[in-house]
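Below, each chain spelled out in residue letters.
2 protein chains.
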Amino acid sequence: MSGEEAAAPQQPDQTEERTDDPTGEPLSGVPKSSEISPPAEEPAEALEAHPGEALDAPVEDEFTYRALVLTGYGGYDKVKVQVKRGKPHPKSGEVLVRVKACGLNFADLLGRQGLYELLPAPPVTPGMECSGVIEALGEEVTGRQVGDRVLVLGRHSLWQEVVAVPASQTFLMPESMSFEEAAAMPINYLTAYMMLFEMANLRAGQSILVHMAAGGVGIAVTQLCQTLEGVTVFGTASASKHETISQGGVTHPIDYRTRDYAEEIRKISPTGLDVVLDPLGGSDTHKAFSLLKPMGTLIVFGAANCVTGQKKNLLAMAKTWYNQFTINTLRLMHVNKAVCGFHLGYLEDDELITKTMNVLLELYVQGKIKPRIDSTYHFEQVGDAMRRMHERNNIGKVILLPEPKMEKEGENSEEKASPESGETKAKGEEEEVKKGETDQEEVKREEN
Amino acid sequence: MSGEEAAAPQQPDQTEERTDDPTGEPLSGVPKSSEISPPAEEPAEALEAHPGEALDAPVEDEFTYRALVLTGYGGYDKVKVQVKRGKPHPKSGEVLVRVKACGLNFADLLGRQGLYELLPAPPVTPGMECSGVIEALGEEVTGRQVGDRVLVLGRHSLWQEVVAVPASQTFLMPESMSFEEAAAMPINYLTAYMMLFEMANLRAGQSILVHMAAGGVGIAVTQLCQTLEGVTVFGTASASKHETISQGGVTHPIDYRTRDYAEEIRKISPTGLDVVLDPLGGSDTHKAFSLLKPMGTLIVFGAANCVTGQKKNLLAMAKTWYNQFTINTLRLMHVNKAVCGFHLGYLEDDELITKTMNVLLELYVQGKIKPRIDSTYHFEQVGDAMRRMHERNNIGKVILLPEPKMEKEGENSEEKASPESGETKAKGEEEEVKKGETDQEEVKREEN
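Here the protein sequences line up with chains A and B, keeping their order. Counted from 1, the first sequence has number 653 at position 346 by this note's numbering; the numbering is strictly sequential. Counted from 1, the second sequence has number 401 at position 94 by this note's numbering; the numbering is strictly sequential.
Isolated chain A, as found in the complex:
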């Protein structure tokens, strides 16, 4: 991604003064999107969705589409469905994509709390990955056709029914890949692959610790470790997920809620680990560093410990910051260790991202990796989707669907969820979320 500008799809041109947000909350206080999208875009033009047709149709202001909008920092209720008017127009080098599925990432939870600086200030449409079908081409686009199924990687603003994005940020989906899988792929698998093979140089026979092993990155890491012979994977997750992650390739699942994971690892591997991936930050980074064997590599790729409850928690942030791992090079020399930071959002190497994404798609075709979909939620259920991830109830990826939820007879759309797209939404959520665990302080990892 060559910069914020290129990566962010167009902001919508007009916002309807109505909402189909199922919570029925009024949009008072939310500015029109025309106020929030400087520099002003040219007026949206009509896009006839006929393959190959030139983009010279008259302005079609009547076109509307649904988008999720972060209306301010705070809890789950800050992300609302809004209806935008005016079809996005693919500029030169861009394609218009009809979005079928979107990925939810931990960074989106941070963004909602105002803790993710790469997300512009509200009101803004979040969303860094999606999949869909190309509906129109801008000028000078090569290698893409109307009707192509693609997955899309961006910086934000992909959670909407249609998006105009640079063609270079789209990747053709393998035939056997579902839209949900495609939306689950870019962020988690790029992150996992680059950490393992670009930074850590993981090799056959080595050992690795991955936290949140049942999360999107955790599962991607576990699958990619299986592409090498004899990698020992230590993975932290709550006990209820151990069977699943074991089947996925985690050699030693550890319940971080009831045990000190560092002690457990030292019992099994007293000499330490070759690689530790740390998405937590704070005091866990210190533990991670101490678990490395000489010549080992620590990669910090998040600060999940900053997030506790729904809203920004200054105490948790202060603790995470206070415990932030700082090291000088003399100490590193004395212990022969490597400390790395990774954040896909800050990586602006288009060539490397494209190369890696193509490697991943090839691994998918070979059957070596396959995104695991935890659950799917319609846009109007985004709060539930975020809660599921926030409370660590997911095993695999949480997916958002732009299409409106169809109410079935006798069902109340606000209380029940139906299986979608072949995946069961929030499968078993009720059983897993035990009383007390959803409390703000309980959700936080015990050891912090």
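Please note: incorrect hints may appear among the correct ones.
Quick look at which bits of chain B chain A covers, simulated, 3 or more residues with Cβ under 8 Å [claimed, not checked]:
1. 397-410
2. 502-509
3. 600-612
4. 634-647
Because the hints were derived from the structure by calculation, they are not lab data. Beta carbons are placed, not taken as given, at the ideal position from N, Cα and C, and that holds for glycine.
Got chain A sorted already, so can you dock chain B onto it with the hints?
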């Protein structure tokens, strides 16, 4: 190396009360080595140098051998030749090596100044690498025979005519390898190889900066980079060495004395470098970090900036420490970079060291690497040898020879040096050491 105990050869049992130090300095104030070698070794036994003979000969106290001894921290004159009495006895698992050549390393200069904590307090025999011929075997030694030509890696105490060392720290020399080459190999090439391929994961087509490109590690790094396709090597060295290092494979030699190397590199490679190897420390580490491209790796493997004059320089140390590079993981995430420390002396992974040494010996046999010998000095000339390295006049490795210098007719041994072992000692030293450059402040790199 599994620890200090295992790696340090026996201390000599007795010190002769005389010296053949050509400077003729009395050894007043230097304690007998029997005072300096706790725990007391068993009395040295005689070692008949007949292959296969059992080590049950009577004690041969009359056996004497020469060793270099650091008698106290300070200038070049603190390292003296002493004659030890009593042949070292190879314990179980050890071999006795008749030493033919020893390597001089930057750490030896630090050690002399009291800046290398892995060297025990004086009086002590320095020396971390040598080559020679196995003269006797301890019990339970397999895979080695009397008469084998070996190179030896240790923590210290190898600068003596005979040493008893664990057989596991010896490696059979290829037939075509000279003793000087063998003594030049372990420290520099292990350091270079592990940094490039274990830590940095250098790959074809990448770019790298190596400081002191004409030094032992610099030349090893340059040669190892040639084993990959299309690696761009930036190397700093004074202008007089550019032709030589260019021929060796440095793509862009940079005279750090007359130019800002960081500016020069940015002109040629504006996006930065994949790998920077930093043996300097202090403010140069900051420059190194800023020169990295995203996903780039910095490896700090020394603090040469601490060393200015012959003796410990508190100001230089303070500056280096004050400027010591410290980083927190949040910043690393924002820039997607890796920071590593490497120091062979602190690495206790015998298996990795052995594996890597064998890879290096195979690369030597294939003709892909070949240590470059700058100059050879007899033990009694160790001060000159250290001065040559200290003043950065060497191109390649400085070697020490245990055998006494043979005086030729009409020559004064203290003022002139003769070519030895097929290598010219301190070739062209007089021309290269320009007036003023040997001054303590001038020797220091200008940019610090």
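Practice item. Tell me, in ascending order, the numbers of any earlier hints that this structure violates. Key: 1
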